[in-house]
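Starting from the given sequences, assemble the full structure and let the hints guide the process.
There are 4 protein chains.
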Amino acid sequence: MHVTWLSSVTAILQFICPDRPGLVSQLSGWIANHAGNIHHADHHIDAGAGLFLSRIEWELEGFALTRKLITPSVNNLVEGLGGKAHLYFSDEQPRVAIFVSKQNHCLLDLLWRYKSGELPMQIPLIISNHQDLEQICTNFGIPFKYIPIVPKKKSASEKEILSLLKEYKIELVVLAKYMQILSGDFLSKFGTVINIHHSFLPAFKGAQPYHRAWDRGVKLIGATAHYVTEDLDDGPIIEQTIAYVSHRDEVEDLIRKGRDTERIALARALRLYLRRQVIVYRGRTAIFA
Amino acid sequence: MHVTWLSSVTAILQFICPDRPGLVSQLSGWIANHAGNIHHADHHIDAGAGLFLSRIEWELEGFALTRKLITPSVNNLVEGLGGKAHLYFSDEQPRVAIFVSKQNHCLLDLLWRYKSGELPMQIPLIISNHQDLEQICTNFGIPFKYIPIVPKKKSASEKEILSLLKEYKIELVVLAKYMQILSGDFLSKFGTVINIHHSFLPAFKGAQPYHRAWDRGVKLIGATAHYVTEDLDDGPIIEQTIAYVSHRDEVEDLIRKGRDTERIALARALRLYLRRQVIVYRGRTAIFA
Amino acid sequence: MHVTWLSSVTAILQFICPDRPGLVSQLSGWIANHAGNIHHADHHIDAGAGLFLSRIEWELEGFALTRKLITPSVNNLVEGLGGKAHLYFSDEQPRVAIFVSKQNHCLLDLLWRYKSGELPMQIPLIISNHQDLEQICTNFGIPFKYIPIVPKKKSASEKEILSLLKEYKIELVVLAKYMQILSGDFLSKFGTVINIHHSFLPAFKGAQPYHRAWDRGVKLIGATAHYVTEDLDDGPIIEQTIAYVSHRDEVEDLIRKGRDTERIALARALRLYLRRQVIVYRGRTAIFA
Amino acid sequence: MHVTWLSSVTAILQFICPDRPGLVSQLSGWIANHAGNIHHADHHIDAGAGLFLSRIEWELEGFALTRKLITPSVNNLVEGLGGKAHLYFSDEQPRVAIFVSKQNHCLLDLLWRYKSGELPMQIPLIISNHQDLEQICTNFGIPFKYIPIVPKKKSASEKEILSLLKEYKIELVVLAKYMQILSGDFLSKFGTVINIHHSFLPAFKGAQPYHRAWDRGVKLIGATAHYVTEDLDDGPIIEQTIAYVSHRDEVEDLIRKGRDTERIALARALRLYLRRQVIVYRGRTAIFA
Chain A
1 MHVTWLSSVT
11 AILQFICPDR
21 PGLVSQLSGW
31 IANHAGNIHH
41 ADHHIDAGAG
51 LFLSRIEWEL
61 EGFALTRKLI
71 TPSVNNLVEG
81 LGGKAHLYFS
91 DEQPRVAIFV
101 SKQNHCLLDL
111 LWRYKSGELP
121 MQIPLIISNH
131 QDLEQICTNF
141 GIPFKYIPIV
151 PKKKSASEKE
161 ILSLLKEYKI
171 ELVVLAKYMQ
181 ILSGDFLSKF
191 GTVINIHHSF
201 LPAFKGAQPY
211 HRAWDRGVKL
221 IGATAHYVTE
231 DLDDGPIIEQ
241 TIAYVSHRDE
251 VEDLIRKGRD
261 TERIALARAL
271 RLYLRRQVIV
281 YRGRTAIFA
Chain B
1 MHVTWLSSVT
11 AILQFICPDR
21 PGLVSQLSGW
31 IANHAGNIHH
41 ADHHIDAGAG
51 LFLSRIEWEL
61 EGFALTRKLI
71 TPSVNNLVEG
81 LGGKAHLYFS
91 DEQPRVAIFV
101 SKQNHCLLDL
111 LWRYKSGELP
121 MQIPLIISNH
131 QDLEQICTNF
141 GIPFKYIPIV
151 PKKKSASEKE
161 ILSLLKEYKI
171 ELVVLAKYMQ
181 ILSGDFLSKF
191 GTVINIHHSF
201 LPAFKGAQPY
211 HRAWDRGVKL
221 IGATAHYVTE
231 DLDDGPIIEQ
241 TIAYVSHRDE
251 VEDLIRKGRD
261 TERIALARAL
271 RLYLRRQVIV
281 YRGRTAIFA
Chain C
1 MHVTWLSSVT
11 AILQFICPDR
21 PGLVSQLSGW
31 IANHAGNIHH
41 ADHHIDAGAG
51 LFLSRIEWEL
61 EGFALTRKLI
71 TPSVNNLVEG
81 LGGKAHLYFS
91 DEQPRVAIFV
101 SKQNHCLLDL
111 LWRYKSGELP
121 MQIPLIISNH
131 QDLEQICTNF
141 GIPFKYIPIV
151 PKKKSASEKE
161 ILSLLKEYKI
171 ELVVLAKYMQ
181 ILSGDFLSKF
191 GTVINIHHSF
201 LPAFKGAQPY
211 HRAWDRGVKL
221 IGATAHYVTE
231 DLDDGPIIEQ
241 TIAYVSHRDE
251 VEDLIRKGRD
261 TERIALARAL
271 RLYLRRQVIV
281 YRGRTAIFA
Chain D
1 MHVTWLSSVT
11 AILQFICPDR
21 PGLVSQLSGW
31 IANHAGNIHH
41 ADHHIDAGAG
51 LFLSRIEWEL
61 EGFALTRKLI
71 TPSVNNLVEG
81 LGGKAHLYFS
91 DEQPRVAIFV
101 SKQNHCLLDL
111 LWRYKSGELP
121 MQIPLIISNH
131 QDLEQICTNF
141 GIPFKYIPIV
151 PKKKSASEKE
161 ILSLLKEYKI
171 ELVVLAKYMQ
181 ILSGDFLSKF
191 GTVINIHHSF
201 LPAFKGAQPY
211 HRAWDRGVKL
221 IGATAHYVTE
231 DLDDGPIIEQ
241 TIAYVSHRDE
251 VEDLIRKGRD
261 TERIALARAL
271 RLYLRRQVIV
281 YRGRTAIFA
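Chains as they are written, first to last, in my numbering: chain A, 1 to 289; chain B, 1 to 289; chain C, 1 to 289; chain D, 1 to 289.
Mixed in with the good hints there might be a few duds.
What the hints assert, rightly or not - Which chain C residues face chain B? A few, computed with CB under 7 angstroms, are given here:
hint : residue
1    : A85
2    : H86
3    : P202
4    : A203
5    : K205
6    : R216
7    : G217
8    : V218
9    : K219
10   : L220
11   : I237
12   : Q240
13   : I242
Stated by the list, open to error - The calculated lysine-lysine pairs, modelled on DSSO-like cross-linking and capped at a C-alpha distance of 30 angstroms, are:
hint : chain 1 : residue 1 : chain 2 : residue 2
14   : B       : K145      : D       : K205
15   : A       : K257      : C       : K115
16   : A       : K115      : C       : K145
17   : D       : K257      : C       : K257
18   : D       : K115      : B       : K115
19   : A       : K115      : C       : K102
To be clear, the hints were calculated from the coordinates, so they are not data collected in a lab. Just so you know, even glycine gets a beta-carbon here, dropped at the ideal spot from N, CA and C.
So, in structure tokens, the structure goes:
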């Protein structure tokens, strides 16, 4: 018999500070002092940067502090350690907006995983610059907003989007084959965006990576799920997957094979995010999985 | 600049006990109380078994206890927690005996990795039931003992081997394509043995897995590095690797492709062992890598 | 510019006979004599069995024989060579019945790939022993037949199924997580059935492979798409995929990770079948991809 | 029983010409007309380029033409078809010179595979710009030439190397971690050079790819075996391999893991070359494996 203990509600602390002795003890001591039972604790030292990163997950049941009291107590602890922290509760599922254009493979894959329970999130909103995928969203009962992007009015469209993200209390935007570039201004106002790029970055940044991969005659193609930053395709990488190709594969075959790697890289990255297993720092990620 | 902090000497504690709140805090608190700087701390809860497993590694430099005093202090701690523990020091490299027969690919691979610094161990002894590989061992300056195994005198040969393992203070035996089955009696006297089996276990246990894989028409072959137990090929698995094959591959091609998967699975498993990243329990392994 | 020549209609010949000199020349000569332009020609010699296998695909446009005249001409050729052959036309898409039970991941994946053009087939019929997935099929506009299987009336149910397969002119049955065992009697009457088994066969034949994989402590799991024969899980293997797992993965994680490998193995195998790239012989497959 | 028919001597024809109907028939017809038994025949049409590529391998035993007469007959055939061809005999093993600098992992791997029969070649010569690996070569009984490269005298050193390649009748140069760039002048005089680059090209061309991969925070690293052209790291790709990495991996770990991918990519590419399975055209390769 395998116990499904993960179904119990947990608190999750992501913590980062300059490395020094005693940090694990201080973090776990705070939990023990409040009778917390740790489910998962993992730490990483980036020696080059002199940084200590930690992710600790513990049961709320039996914990001495109520949910409301945890936050000030954590803040107190973190301040004392001179670090930065995020606190999450496993039953407060992130509110995620998915952005799409015309291609449906990533969207359908995410919706299927969402329905099957693989992705612990809420999807209050799907936004697209095209109307092609509206029916799919309607079938799943998810509000679909059509916001076309025309070059001269891009700024207005982005404002409209930002307003929706605020209205729907969105925490994370997932670009599931959204074929528009978000402006630096947009990103400065809403910064938590995950994209799927159809190459193993940093190879083939930018447009038409499969065509360029074919032209180069590579023997493998890939996909990269990464945080979006103002520098195109240069954001912190969360997950990368690859597929082997041969001289028999035309560009269309690369596109077809690529869809599977894109779906899997994006789904894995999103799941890692949703379970609070990703810590971003200094342009890179630590994955506590 | 990337700091090679791993070159500093560390102590490594492997710990296992029934799960309950406070264990991480108690272990890390003990280290913090002695001014230890944790390099790596990782824990696992096997919820079905109700067990807590932990591996903690910390710097010896600056630690308040001398090496001699650590052991009784750890024993005291562990006893108080009702668990079992192993304590290691990173500069006390395990003494490993490699057993071989006629095939040289795993032996040469291990020796190359050993020379290149990938495998932190000592190799005081290589034992074989054939003389084919003696020259290789001599070239590397490693004592080679030829101990033939004949059916009627197997027991005497195993006694001779056990005597050598004792004499050379061997901690681990690695079967690098040793085509003999160690008896239950042998294993009861020397139990820490890692083997490489040329299939993805539990498929194709026993003899001639590549021939049987070909006959079955599989599309992938594999290799499994595992601890040896009296039940043939049923011991705890440390590492598994695979290679794709096609209908064009003859048995000889499976054998050729398989050599690469064998070399890599065995080398990875051995490195995990040597770095004290493997905890064996209940017929399985937890890998803290 | 990449020419999409595959969109032209082709004839595909699968051929098998005892190996001897001149076979490639005789097959390709027959095509050349009728002004055929070969798109793809691939051959394999199973030296142990003394067999020659071939797959040749050529353009119908410009071919000297009309579609009706090709068959007798091919029969004549094949008879002269003492072999067996199958002839297909790329625009005559196979009629496939999908069998399901309660799990939807393989079904949805196949339907999505079907809609996206990855799987050149017709799906006139979906059969299930449960009603859970009826809505999905209805949404896709595909007739859904609910045929429950109760132990004492299994024979009658299978007759009903056979009758439907005949009525709908089904060429291939795909078991997309159909949790029933087809009887030998059924298979003797309808033999072309592809199944997805959730392990890398021959490991973990039969029921609950993920639970048994967890119990065994394997470091990788897999999925196998294979032809169904009366010997359970012993039919010719078409495709196998794997996923890495760790001690942190519970049985539910193996099931979750396994769904992806199942979806991909089944989709690949089906695509190979539909493009007439699979030749089955002597309990195994040759894949001309 | 598995017949090792590959041990028989074969002729191998690599052929390339503009695509048109009848080519397979004409090539295989020529073989059949001389009573040849084809072991392997594979073709590829690059539709975008309008090119037909073919590799045919047939037994010499029983072939109507003696080895001396095959060449003029092939030339006649090829000229009539307006194509280009290369003819090889499987028992005439290529003469390969290996170039190395200080790192030994690729060299030792190639030498081991050579000794074990995986790589059907002769190695009459190893050249290095350092003396570090001389002993290894001497142990294997292979002539080692130390030709240091100093910036101002590079041209003279390359002349010396070219002279050696001529003297030793070298067909192929393998750069097994040779840390020098061959000049365009050198390559114009000796053009068949295979290199191993330690990244999945086109990512991280040039120097220190592992350091740059670490800085970029990638989740996978790779190696690329490719033909050398004057444009650095832009030559036709033969083989690519990858390894997964995590935030826990320091640069040294990337280098360590990378060694395995480098060894395997280079060994595979070399084996493909030696078996005449690689056709290079238009800056890319077709692999007939």
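Against the structure, the hints come out as follows:
1. Against a cut-off of 7 angstroms between C-beta atoms, the interface hint on A85 of chain C is violated, since the closest Cβ of chain B lies about 18 angstroms away.
2. With a cut of 7 angstroms, the hint placing H86 of chain C at the interface with chain B is violated, because the nearest CB-to-CB distance is about 17 angstroms.
3. A distance limit of 7 angstroms between C-beta atoms decides the matter here; for P202 of chain C the minimum to chain B is near 5 angstroms, and the interface restraint holds.
4. Taking 7 angstroms as the C-beta contact cut-off toward chain B, the hint placing A203 of chain C at the interface holds, the least distance being around 4 angstroms.
5. With its C-beta approaching chain B no nearer than about 10 angstroms, K205 of chain C sits outside the 7 angstroms limit, and its interface hint is violated.
6. A cut of 7 angstroms between beta carbons decides the hint on R216 of chain C: the least distance to chain B is about 6 angstroms, and the hint holds.
7. Interface hint status for G217 of chain C: upheld, as the beta-carbon distance to the closest one in chain B is roughly 3 angstroms, under 7 angstroms.
8. At its closest, the beta carbon of V218 of chain C sits 6 angstroms from a beta carbon of chain B; the interface hint therefore holds under the 7 angstroms criterion.
9. With its C-beta approaching chain B no nearer than about 4 angstroms, K219 of chain C sits inside the 7 angstroms limit, and its interface hint holds.
10. Using the Cβ-Cβ criterion of 7 angstroms, the hint placing L220 of chain C at the interface with chain B is satisfied: the shortest such distance is roughly 5 angstroms.
11. For I237 of chain C, the interface hint holds, the least distance from its beta-carbon to any beta-carbon of chain B being 5 angstroms, beneath 7 angstroms.
12. Hint status for Q240 of chain C relative to chain B: holds, with the closest Cβ pair at about 4 angstroms, below 7 angstroms.
13. Interface restraint check: I242 of chain C against chain B, minimum CB-CB distance 6 angstroms, threshold 7 angstroms, status holds.
14. A hinted pair counts as satisfied when its Cα atoms are at most 30 angstroms apart, and K145 of chain B with K205 of chain D does not qualify at roughly 48 angstroms.
15. Distance restraint check for K257 of chain A and K115 of chain C: the Cα-Cα separation of roughly 16 angstroms lies within the 30 angstroms cut-off, and the hinted pair is therefore satisfied.
16. A C-alpha spacing of about 24 angstroms is found between K115 of chain A and K145 of chain C, which places the hinted pair at or below 30 angstroms, so the restraint holds.
17. Proposed proximity of K257 of chain D and K257 of chain C is supported: the alpha carbons are some 25 angstroms apart, at most 30 angstroms.
18. Proximity of K115 of chain D to K115 of chain B is assessed by CA-CA distance (about 20 angstroms); at most 30 angstroms being required, the pair is judged to hold.
19. Proposed proximity of K115 of chain A and K102 of chain C is supported: the alpha carbons are some 14 angstroms apart, at most 30 angstroms.
Consistency with the previously given hints fails for numbers 1, 2, 5 and 14, ordered from lowest to highest.
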